[in-house]
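Colleague: Chain residues, written in single-letter form:
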Amino acid sequence: MIEARAVTLSFGETPALRGADLRVAEGEILAVMGPSGSGKSTLLHCLAGILVPDSGEIHFAGQRVDTLDEGARSALRRDRFGFVFQFGQLVPELTAVENVALPLLLAGTRRRAAITEASAWFARLDLDGLQQRRSGELSGGQAQRVALARGLVSRPQVLFADEPTGSLDSLTGEHVMDLLVGSAREQGTTVVVVTHEARVAAYADREVIVRDGKVTSLDAEPVRS
Amino acid sequence: MYTLSVYMWCMVLGMSVPLTLLGLLEREPSHGYDLKRDYDTFFGRGKPLPFGQVYATLARLARDGKVVIAVEPGDGPERKRYVITESGASEVNAWLVEPLAPEPHLQTVLFAKVVLAIMLGRPAEEYLDTQRRAHLARMRELTEVKRGGNLVDALLADHGLFHLEADLRWIDTTVARLDALTKEVAR
Ligand SMILES: Nc1ncnc2c1ncn2[C@@H]1O[C@H](COP(=O)(O)OP(=O)(O)O)[C@@H](O)[C@H]1O
Ligand SMILES: [Mg+2]
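Protein sequence lines correspond, in order, to chains A and B. Just so it is clear: in the first sequence, position 8 is 8 by full-length UniProt numbering, and no numbers are missing. Just so it is clear: in the second sequence, position 71 is 71 by full-length UniProt numbering, and no numbers are missing.
This is chain B alone, in the form it adopts within the complex (with noise of 0.2 Å):
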């Protein structure tokens, strides 16, 4: 089934697949073939990464100098191992920390934050809270707008308010239901 919340969520998630490939770098060095498999099965969503993609994206890493490849003896991609750097150890970090932008819809990017902070012991509820700051600083400057300005400013401020309201709700779930997902995590 390939629902309009699936297609929303490969849209999104499609961001930050580079990110979520270096994560997944950060606890161990890894083939390709594995990081697919821990991709698909944490942040895939019925929508498997194409091998094609996985490579050409660990291409540009390595081109950007975020990993480099230890070649192993043998024939084959899967001799190739992919390796975090300290540059790209720091982005990854860089990116668990600072909050995303407040815009709606981020949840899916939010998701894939907080499974690898899971993955990686990071603080993840530190990281939720900080986003959730952040969405709600946001919904203040819009309910500044509303309060100052007229119908149209008023109706356009409600609609980011009630999406940014639905993602923070979302948050604050996510925070509640961290102790299950870190089960999950770890399996």
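Only chain A is shown next, with the shape it has when bound in the complex (with noise of 0.2 Å):
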């Protein structure tokens, strides 16, 4: 479903990628590990059509990324794609439920039915109640699995995470694994996780290692198609 062929990317003199090769079977969960400064953010970035490679080809649902331009990536994102990070980067002037409720609003849904859906994931998350919080109000956990609940409001084909249990505690950490791995599933959503954590790359089906700007591992073939 997603595929990224000898790609490379250097930012100025430093190389992040140096022929990074990597499949992604449909509705898998593959966990991206390494340790840091390997590439693996780089890599994901390519994967979602964020960054464009300097050389080697992404490909997505039958379809070349690399080569569309940045509308056509943008809008690749926004319809197809989920994200979430680190650090949740909820917006910190709406509140929970406006925030989940984003990526559909800025899809052209109405913002009533928007909300509507948005609210929905709150019970899914463990977020009953929390509805009309501002980021600032939230635990770290709350805000990562609002972030998790924004990624996967708008059923996206697939949801790219970077380290989504990096600023939290291991508990909550596998709390967040938890429901991701779980909606994820539910819905044939494929998933790419970026992680250094063992115990977090357990919760994917399969994993990958970027050392040095490349993925090895890659003997490994995805357990779904």
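Treat the hints as calculated values from the structure; they're not laboratory data. All C-beta atoms, glycine included, are put in the ideal place defined by N, C-alpha and C. What you were told as hints is all true, and nothing was included just to trick you.
Quick list of the computed label-pair ranges, beta carbon to beta carbon:
#, chain 1, residue 1, chain 2, residue 2, range
1, B, E184, A, D169, 35 to 41 Å
2, A, R18, B, V71, 51 to 57 Å
3, A, Q132, B, E141, 40 to 46 Å
4, A, G136, B, A186, 55 to 61 Å
5, B, S90, A, D169, 46 to 52 Å
6, A, R185, B, W170, 29 to 35 Å
7, B, F51, A, R5, 56 to 62 Å
Assembly of the complex is requested from the two constituent chains, each provided in isolation within its own frame, with the hints serving as guidance.
Modeller: The structure is reproduced here in structure tokens:
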């Protein structure tokens, strides 16, 4: 469903990716592991059409992504992809439920319908009663679950998560992963989750390791197709 | 100082003494004395392998056809040189290539495998990656148990997960230091 072929990307003099190959099957939950600075986030950003590789190819659902212009990639991200980052990055001026509704609003859903759909996620992610809070009034784990709801609310085909538990203690982090994996399975969402923690990666179906800008462990093929 | 970790080391490594000696023999035919010296240097961790155990192990390996004894003219035990057989060599290879069953506290045996792999010019990083996959596969199983189970299952699974995680971090650290370890072993 998503594929990177021989992707390279440098930031000025710093090579971040040096020929990264990766295939993710539809419905698969893939953990991307590796030491810090090895290129995990850069790879995720290339797969998601946020960054454009210097060379190599990115394919999504049979379509070449890296050759699309910024407008087309931005539409792809909005319509097909969901995102969760290490620090929830909620909009502080909005309430929790408005934050979750944001992707729907941006995609043109009417406000009332968007808020209703967003609200449904609060029960699902153990967030009942927190709809009207602002991000400053949420604990780290709550904020991250709100961010997860925002990532999933538009029922994306792929959820990209970059260290989604990186700022949480281990129990809270596992709660987030449990809900992430449960929800993704329920709606058939493919997940690419970057993490350096083995206990987080153990929630995935499969793992690959990024070392020095290359993906190792490619011998383990996707378990679903 | 005889700490608990040294004790653990001896217990766990004890299981792999025959394979470790066989591995050392795969480099070149050796006398019992040289084997003991190399074993103590790389795997002894302050607790030398008794001569008695070296010769008893070698005798058992000879009986099982893993080594043959080449007797040189002269007196004393050092007349005997031990030579690994095909069967012995394939046993070492199988041991190096196969990941260990992912149970906690394996790092001592793993360490022996890594050092031997380096000595024998085998792909130590590949072996460690294979082990890493076996560990993570086990961690996935335990995570599944935890997600589906009651609190008791979850707590027991967590205990295994934390220990396997510790081993995995050791594996990652070792991979990151393989170049340095190779220099150390080659000295
Ligand atoms: N925006 C950037 N500008 C310059 N260098 C960057 C930038 N982003 C990442 N890098 C560099 O690229 C390499 C890979 O970074 P990254 O993909 O963030 O690694 P990881 O997520 O595995 O920690 C690192 O050396 C990092 O310093
Ligand atoms: Mg990163």
